[in-house]
Amino acid sequence: MPQLGADMAAGKLTEWLKKPGERVKRGDIVAVVETDKGAIEVEIFENGTLDRVLVEPGAKVPVGTVLAMVRGDGEAPSAAPPMPRPMPAVAPSVPKPRPAVAVPERRAPAGPTGRLRVSPAAARLAAERGVDLAGLRGTGPDGAIRIADVAAAPAEVAPAAEPVAALPEPATPAEAIRRAIAAAMSRSNREIPHYYLSHAIDVSRALDWLARGNEQRPVAGRLLYGVLLVKAVALALRDYPEFNGFWRDGRFAPGAGIHVGTAIALRGGGLIAPAVHDADAMTLDALMASLRDLVARARAMRLRSSELADSTITVTSLGDQGVDAVFGVIYPPQVALVGFGTPAERPWADQGTVTTRRVIQASLAADHRASDGHRGALFLARVGQLLQEPEKL
Amino acid sequence: MSESSLKDCIFGAISEIAPEATFDGLNPDKGLREQLDLDSMDFLNVIIALHEKLGVDIPEKDYPRLFTLNGAIRYLGERTAGRQA
Numbered sequence: 001m002p003q004l005g006a007d008m009a010a011g012k013l014t015e016w017l018k019k020p021g022e023r024v025k026r027g028d029i030v031a032v033v034e035t036d037k038g039a040i041e042v043e044i045f046e047n048g049t050l051d052r053v054l055v056e057p058g059a060k061v062p063v064g065t066v067l068a069m070v071r072g073d074g075e076a077p078s079a080a081p082p083m084p085r086p087m088p089a090v091a092p093s094v095p096k097p098r099p100a101v102a103v104p105e106r107r108a109p110a111g112p113t114g115r116l117r118v119s120p121a122a123a124r125l126a127a128e129r130g131v132d133l134a135g136l137r138g139t140g141p142d143g144a145i146r147i148a149d150v151a152a153a154p155a156e157v158a159p160a161a162e163p164v165a166a167l168p169e170p171a172t173p174a175e176a177i178r179r180a181i182a183a184a185m186s187r188s189n190r191e192i193p194h195y196y197l198s199h200a201i202d203v204s205r206a207l208d209w210l211a212r213g214n215e216q217r218p219v220a221g222r223l224l225y226g227v228l229l230v231k232a233v234a235l236a237l238r239d240y241p242e243f244n245g246f247w248r249d250g251r252f253a254p255g256a257g258i259h260v261g262t263a264i265a266l267r268g269g270g271l272i273a274p275a276v277h278d279a280d281a282m283t284l285d286a287l288m289a290s291l292r293d294l295v296a297r298a299r300a301m302r303l304r305s306s307e308l309a310d311s312t313i314t315v316t317s318l319g320d321q322g323v324d325a326v327f328g329v330i331y332p333p334q335v336a337l338v339g340f341g342t343p344a345e346r347p348w349a350d351q352g353t354v355t356t357r358r359v360i361q362a363s364l365a366a367d368h369r370a371s372d373g374h375r376g377a378l379f380l381a382r383v384g385q386l387l388q389e390p391e392k393l
Numbered sequence: 001m002s003e004s005s006l007k008d009c010i011f012g013a014i015s016e017i018a019p020e021a022t023f024d025g026l027n028p029d030k031g032l033r034e035q036l037d038l039d040s041m042d043f044l045n046v047i048i049a050l051h052e053k054l055g056v057d058i059p060e061k062d063y064p065r066l067f068t069l070n071g072a073i074r075y076l077g078e079r080t081a082g083r084q085a
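The listed protein sequences correspond, in order, to chains A and B.
The numbers in my numbering rise by one with no breaks, and the one at position 293 of the first sequence is 293.
The numbers in my numbering rise by one with no breaks, and the one at position 85 of the second sequence is 85.
These are calculated hints, taken from the structure and not from any lab test.
All values derive from a computational prediction rather than experimental measurement.
All residues carry an ideal CB built from backbone N, CA and C; glycine is no exception.
Hints are not guaranteed to be accurate.
[Said to hold, decoys possible] Estimated spans, in silico, between C-beta atoms of each pair: (1) B:S15 with A:D132: 49 to 59 Å; (2) B:K61 with A:T283: 29 to 39 Å; (3) A:R205 with B:D57: 21 to 31 Å; (4) A:G21 with B:P59: 50 to 60 Å; (5) B:A81 with A:A281: 41 to 51 Å.
Whenever a hint applies, use it, and build me the whole structure from the sequences.
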């Protein structure tokens, strides 16, 4: 079960889109998971054959639970019952077939004889349900106790209606989203020492250039100015990688690509910030197509797991009917958020002359653990410079 | 096209983008976007839908004429004039 957001503790598997024995390749959508953020399509990160599914539709399981096993090409199908396999004592070498759908769950280490072997997810569930692990017989490799074994065991205390949810089920999707935002934003303000920078950017040239280009484009191919903003941020991040990534385990972990989460307001209230992957390498037309697709699917609550899980920075733009400036709350474990206010005509002094220009107030909210204001200022200024040459975006 | 069929066409286009939009109490001389909570992407999609339904090419510089319901009816009426729907 992938973690689709900093606050997500569990998800409900609603549907398998692939059956055991079917070929799968990296990027295929194999399952649908219901979370606070709607129905999420779970992608697979391996090529091979779906060997077996370990979680049945309808089951709500904690983040980290292995959903299915994928057999790589050339690997033998798993025998049923699964062959016991010696496990390494310390190194978490990758078992085969690998758990491929979710964040790989480290198996219980093969300790000295007599030590209880139990998967972390199973241990969590056991703790929640008051199940005595010592009384269980595991069905995992070498008799390791798996989550299914715990789920099947009688609880010593009456189990909660939902084994993993601390709060009652949200009544509506809007309430679920509100709760997800509450959890993520509370964590952000509790853990992240934010600093804020603001910078006025003359976007007259960029907007004129865009309008001229749109005259030549068919209606369906026209660009919104937000596309320029996302591209400028993505390109600036190439030079300022310390704003592109995550704060994890006491240190900065750079993102594996520039995956820009773009905040999308949902009409029923709330917002969601799915990622445009490798935005720095996309043409403006491709970026526009991606954004249009993301907005449509976000509003239909039908996003993919990778879009929710791996944004390396967030961009929020108030659009053309908002207010002057926005100072964001960083979405953990990201380390930065770039905000854009509404473009507006402003008096603009340049070389002793005051003219009116269309100006956007850009802001940076950044994690002071990962970066300092000096570099933040250079980064935000770079975004402004890139917007002066829109034809190069 | 008649005013009422243009209105149906506009409401139809908006409903495709914002299925939950209700048009009761809509002020035809005030902004559609503010009243129906349409952002710039929604508005662009409404323009695209109108383009597809009516075959009218709407240049970007004309967008402000479609900001209100009455403005949009007037504009689309002019652009479709002489055609028998």
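Structure-based check of each hint:
Separation of S15 of chain B from D132 of chain A is about 57 Å and conforms to the stated range, judged on CB atoms against 49 to 59 Å. At about 24 Å, the CB distance of K61 of chain B to T283 of chain A disagrees with the hint of 29 to 39 Å. One distance hint, 21 to 31 Å for the beta-carbon pair R205 of chain A and D57 of chain B, holds here, with the actual separation near 26 Å. A C-beta distance of roughly 54 Å is found between G21 of chain A and P59 of chain B, which places it inside the suggested range of 50 to 60 Å.
At roughly 46 Å, the beta carbons of A81 of chain B and A281 of chain A sit within the given window of 41 to 51 Å.
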